[in-house]
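Okay, here's what each chain looks like letter by letter:
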Amino acid sequence: ESEAKKKSDALKKPTFKVGGRIHWDHWNFSESSPGIDNFEHPGPGPQTGTDPEDLWAFRRIRMEFSGDILENMFWRMQLDFAELEDAAIKDVYIGFSELPYNQKLYLGHQKRPIGLDHWNSSRYNIFLERPLIVESVNEDARRMGIMMHGYTDDESFNWQYGIATLENSAGDRANRSDAGQYSLHFRTTGTPWYDESSGGRGYLHLGFAGMFANPDGDADPGVTDDNEGRFRTRMAQRSERRWMDTGRIPGANWYEVAALEMMLNVGACQWTTEYMNIWMQRDMTTPGTGPDLHFNGFYTQFSYFLTGEYIPVNREVGQIGRVKPFENFFLVDKCCGGRGRGWGAWQIAGRYDYLDISDADINGGVGNMATFGMNWYWTAYSRMQFNLIYSDIKDHAPVNGFTGGTSLTAGVRFGADF
Amino acid sequence: ESEAKKKSDALKKPTFKVGGRIHWDHWNFSESSPGIDNFEHPGPGPQTGTDPEDLWAFRRIRMEFSGDILENMFWRMQLDFAELEDAAIKDVYIGFSELPYNQKLYLGHQKRPIGLDHWNSSRYNIFLERPLIVESVNEDARRMGIMMHGYTDDESFNWQYGIATLENSAGDRANRSDAGQYSLHFRTTGTPWYDESSGGRGYLHLGFAGMFANPDGDADPGVTDDNEGRFRTRMAQRSERRWMDTGRIPGANWYEVAALEMMLNVGACQWTTEYMNIWMQRDMTTPGTGPDLHFNGFYTQFSYFLTGEYIPVNREVGQIGRVKPFENFFLVDKCCGGRGRGWGAWQIAGRYDYLDISDADINGGVGNMATFGMNWYWTAYSRMQFNLIYSDIKDHAPVNGFTGGTSLTAGVRFGADF
Amino acid sequence: ESEAKKKSDALKKPTFKVGGRIHWDHWNFSESSPGIDNFEHPGPGPQTGTDPEDLWAFRRIRMEFSGDILENMFWRMQLDFAELEDAAIKDVYIGFSELPYNQKLYLGHQKRPIGLDHWNSSRYNIFLERPLIVESVNEDARRMGIMMHGYTDDESFNWQYGIATLENSAGDRANRSDAGQYSLHFRTTGTPWYDESSGGRGYLHLGFAGMFANPDGDADPGVTDDNEGRFRTRMAQRSERRWMDTGRIPGANWYEVAALEMMLNVGACQWTTEYMNIWMQRDMTTPGTGPDLHFNGFYTQFSYFLTGEYIPVNREVGQIGRVKPFENFFLVDKCCGGRGRGWGAWQIAGRYDYLDISDADINGGVGNMATFGMNWYWTAYSRMQFNLIYSDIKDHAPVNGFTGGTSLTAGVRFGADF
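Chains as they are written, first to last, in the numbering used here: chain A, 46 to 463; chain B, 46 to 463; chain C, 46 to 463.
I should point out that these hints are in silico values taken from the structure, not numbers from a laboratory.
A hint or two may mislead.
It does not matter which identical chain is used: a pair holds within one copy or between any two.
[Claimed, not checked] Straight line, CA to CA, 20 Å or less: simulated EDC-like cross-link-like pairs of lysine to aspartate or glutamate:
(1) LYS57 / GLU372
(2) LYS58 / ASP263
(3) LYS149 / GLU116
(4) LYS369 / GLU116
(5) LYS369 / ASP113
(6) LYS58 / GLU184
(7) LYS439 / GLU143
(8) LYS58 / GLU143
(9) LYS58 / GLU372
(10) LYS62 / GLU109
(11) LYS369 / ASP328
Owing to the predicted nature of the structure, the values given are computational and were not obtained by experimental measurement.
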C-alpha cells in the first residue's frame, strides 16, 4: 500500500534522491628515472626535472541528485567538488524512459559509451585509475550529447548509441565554437553465458564499441580547445602532468575507434581484457600536418576474492555492479564482554597495460605498465584500495632531451559512497 | 493525523526541501552583419570581427534547498553551477513569515522587484531569455538586500518594497566598498479582473514599480565594480559579449526607474507588455561627465496554447505560475500491444522589443528585436523551447568603426525542474 | 516500531541527512589609524594607505550532507559556497564508529583539536569571529588527517588525537608536496563539576591540548605553500588582509603548541579563558633564519543571558551546544484580534584578547583587543549578532613606515542553521 501511494505520488510530482561519494587518496611517487622527472616538471623554473611530488588529495567529493519526472521522464545532476578547483559537472541530464524496446533517451552531459572500464562506475572499479588505452580514447568520459540506451527483454543484449560533442565541458559547462567537433558512438554488449542458477556468479561478457570523430585539425594552434584531435593519459595515478601525450595533432580531420571488450567471471575470479585501435586521417593543407596515423593499446587484468565474493554484472547496461561482502568489517565491544570482529572482503588483482600513441611524426609515447592491486571492502559501500604501479615509457617526443623513463608509484584510497 | 504530526515536528526542528533545475541550451548564430561581428569580437587579436560562435551550454544547473525554521521563519539557498565558472549564488536568504498584513521579511540575496519578466521564474517564462528593457534595468535580478513582501487578504493586491545593494555579488558573494551604492525599491501589482469561476483562466494583471538608485559615478575608472551606473544587455540570447552597453557612465549620481506592467490572459491567449523609463542625474565634477540622461524601452508579447492550456497567475506575489498540460508527452509500448502516445502541450508566441540606451554623450545603442517562440511542454515540469530572434542595433558607440548591425539567431532549450 | 524499521533499514543502506547554514554579515570599519590603513592597503597602487572598506558579505553559505554506512561507519560532506570564490571544503570525511572505549576514527578533512573556540561550531559561538590566539594557532581549523575521538562511559572525560597535514587544502582539495609537513595532535577535556540536577546549567570545563608540527622552513621562498611555519590573524573581523602576520618564518624546523582551556558556567553566566604558548625551533642553515622563537596569547570572555537561558556543554566531545530560547521571537496577528509577540533570548558578552607574535627577528605584532557583543536569539536555529571591536597593534614589522595602529569596527550578522 505504501508502495502504491509512493507510485501515485510520483505521478503528480518529480521525485528526488540524493547520494554521493568521497574518495580520499594518497600517492607516493617512490622511484622515477630522470626522463619521468622531466615529463612531470618540464620547466622552465627551479623545479625543472625534479621528481614527482607526493600527493594527499580528494579524488572525488561528489554530490548526486536524481529522480523521476512523473511517469516517463528522469533527471540526474551530479557535481564533483574535488577534481577541478571549481565544481566539475559529471552526469547532468534529463531524459525519457519507457520508450519502445526498453530504451531510454538521455539529453545532456553524460558518459560516452566507449571502453568498459570508463563505463563502469568508479565506485565499483577494481583499480584506482583507468587503463591507459581507455583513458586515452575517452578522456574524462563525459561530454554533452544525446544518447539512447536499450536492452532486450531477456537482458542478453544491450546497446547504446548517439552523438556527442568532442570538447570536454566538465569545467566550463559550455562549448562555444563554430568548429563543429562531434562524434558518433555505438556500443553493444551481451552475455552469451550467464549462470542464472548461482545468481550471476558466472558469466561471459563480450562487447564491441565504435566511435567516429570529427576534430578540427586545421584550427589555429593559438585557439584553445579547438582541436580535439589529441590522445593523452596519466600512468594510472595522479601526477601533475600527463606523461603520455600526442599533443593536439595538426591536420587531424577524422578519427575512428574500434574497441573490443571481454570479461569472464567464474565465482571469485574475474579476467577482463579490452583492446582498441585508433585510425586518424589528416588533411594535406594545415601547417605541420603529416601522414595518417594508427594508434592502439590494450589491457588485461585478473582479480580474485580471497574471501569468496564475486563481481556482479549489470546486464541492462553492460557494466559491473556493486560487490557485497559476506561479512562487513567491524570491531566492537560486545555487551557481554569481549570484542566482536568482522573482516570484510579481501581482493587481490593484477593488470598489464600497453599503449602505443607514437606513429610517424607524432610521438605521444609507447607505454608498458604493470599494476598490483589489493582491495579491502569494509562494507558494500566503503573500501580501502591499494595499488602498486610500475610503468615504462619509450619513444616519447623529447622533453629536455629525454624520450622515456620508468617509475614506481604506490597509491591508497579511502572511499565510500552513499 | 500525519499532517498534524508533520506540523508539530516543524515546530521543533527546521524543515528541509530540495529541488533544482537543468536548462541545456543550443544557440545557432545563423546570420550577423559586420557590425555585430565586431561587437562580439572587438579584438584585438585574430578573432577580431569574426562572427559569433555557436554554443552548446548549460544555462542553469541549479540546486535549491529551502525550508521553515520553526513557526515563523524560513530560509532558502539556491546555487547555480552553470552560469559562472564557479558556483553563482541565486536566492540565499533567511526571513520572517506571518508578519501582520500577510507580510514576509527577506534578509539576504534575493530578486529586486522591478520588471515582471525578471520577477517570473525562468521555469515558467515563455521565452528563453528576458526582454531587453527588463534585463538592462535589472541585470541578473538578484542583489543583497532587505525586502518586505505582502498581499491583501483577498489577494487582489500585493506589494514588495525594500533596499538593496547596487553591486552584483552573485559571483564573489561579497560587496567590499565604501561607495555606498544602494537602491530603494517598491512594486505593487493587482488583478482588477480575475475569473474565479474558471479557476483563473481569465485575468487582468496591472502593476507599477519604482527604483531610486545611488551609483558612485565619481569613482576612479580604474576601480572595478565601483560605478554601477551602467545599463547593458545581450539580445535575448547567449552571445559572449553584451552588444548593447552604455559602459560605466561617468558622473552618474542618481537614477530613477519607473516601470509599468500589464498582463491580460483570456484562456489560452496571453498578452503582456512592460514599459520602463530611466532618468539619470550626473554630477558636474567627474572627468568625462555630461548632461543628465533619459533612457527607455518596452516589449509586448503574445502567446497562445494550440492545445488549450493557460498560464496561471500567482496573486500573492504578482507573477506567473506553472503551466499544467492537459496530457503529458509519452510514447510507450502498451502491455496489450500497440503503442500509447501523448502529445504534451504546444504553445506559440511572439515578442517585439525596443530599447533605447543612447542619449547625449552615451551611446549604448538603440535596439529593435522580433522573436518567434514555440514551446513544447512535455510535462508540467519539463519542456522544450525554441526561439528565433531577429535583432537590429543602431546608434551604438563605434566599435572598429561600426555603430550598428543586424543578426538572426536560433535557440533551443531542453529544460526540466524538480 | 517505526524506530525499529528505521534501524533495520540503516543496516541495509547508507543513510542520508541534509543541513546547512547561512551567515550574512555587515562590517563597518568606523575608525582606523594610518598604521591600520597601511596594513590593510600596503600598495602599491592608488588605494595605498586608504582606510578599510565596509563590507556586506555572506560569511557562510554551507551545505551539509551526512549519514551512516550500515552499522559502524559514518560519513560527512560539508561545502561552503561563501568563503572562497569557489566552493571550500569543510568537513569531508568517512569514519568508523562504535570502536572500543566509545571511540570514533575520522579519515579525511576535519577540524584539528586545538583551541576550544575553533572546536565549537560557528553556529553556537558567542562572538562573530574567533579569538586572536585561537585563529593564529589553528587558522581555518580544518586539515586532511586521521583522528580518533573518544570519551569515558560517564562522559566526565573525552579525548581526541591524531595526525594532520599542516597545509590548508580547503580551497584546492589537494596537498602536492614532498615537504612532509605534518602535525601531531592530542587534546583532552573534562568536566570536574557538572550539575546533573539542573540539566547542565552549571559546569566547569577544563582542558589541555598539544600540537607538534614539522614545517618546511628551508623551502625555497619562491615555492608557494611550502613553509607552513607561519602565524597570522585578522582582528576578529573580515578585513581584506590579516593585520597581524609573522609571514613564513625562514628556518622554521619544528614548533610545539601547549593550550589550556577553562570554561565555567553558572546558569545564565559563562566565563571562558584560553591560554596558548608556541615554541619554535629553527635551523642554522636556511638563508634568513634566526634564533628560536616564543609566541603566546590568551583571551578571556564573559557572557550573560538577560533572559535567563544558558549555554549547554557537549561532554562527549568537549564543546558548547545549542542555546534554546525560553520563548521564540515572533510578531503575529492573532485570530481573535490584537497581536502576539515573543521576544526571543538576549545575551550580552565581553571579550579581552591578547596576542604576541613578535619575537627576535620576527615581528608579527603585539595585539590587544576588546570586544563587546550582543546576541538576539530569534529561535534555537537563528539569531542576530552584534559586535563592537576596539583593537590596538604594536611592534609590527614596518609597513610603509608604520609599526602599529588602532581601529574601531562594528559588525552584525543575520544567521540561521537548519
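Now the hints, each set against the structure:
1. Proximity of LYS57 and GLU372 under a CA criterion of 20 Å is satisfied inter-copy only: 13 Å between copies versus 41 Å inside one chain copy.
2. For the identical chains of this complex, LYS58 and ASP263 are neighbours neither inside a copy (49 Å) nor across copies (52 Å), given an alpha-carbon limit of 20 Å.
3. Proximity of LYS149 and GLU116 under a CA criterion of 20 Å is satisfied intra-copy only: 13 Å inside one chain copy versus 36 Å between copies.
4. Taking identical chains as interchangeable, the C-alpha atoms of LYS369 and GLU116 lie at most 20 Å apart only when they sit on different chains, with a minimum of 15 Å there against 31 Å within one chain.
5. Proximity of LYS369 and ASP113 under a CA criterion of 20 Å is satisfied inter-copy only: 17 Å between copies versus 27 Å inside one chain copy.
6. When the C-alpha separation of LYS58 and GLU184 is checked against a cutoff of 20 Å, the pair qualifies neither within a copy, at 37 Å, nor between copies, at 32 Å.
7. With identical chains, the CA atoms of LYS439 and GLU143 are never at most 20 Å apart, being 50 Å at best within one copy and 51 Å at best between copies.
8. With identical chains, the CA atoms of LYS58 and GLU143 are at most 20 Å apart within one copy only, with a shortest distance of 18 Å there and 27 Å across copies.
9. Taking the shortest alpha-carbon separations for LYS58 and GLU372, only the inter-copy value of 15 Å comes in at or below 20 Å, while the best intra-copy value is 39 Å.
10. Proximity of LYS62 and GLU109 under a CA criterion of 20 Å is satisfied in both settings, with 8 Å inside one chain copy and 13 Å between copies.
11. Proximity of LYS369 to ASP328 under the C-alpha cut-off of 20 Å is found in neither arrangement, the shortest distances being 52 Å within a copy and 53 Å between copies.
Violated hints, listed in ascending order, are 2, 6, 7, 11; each of the other numbered hints is respected by the structure.
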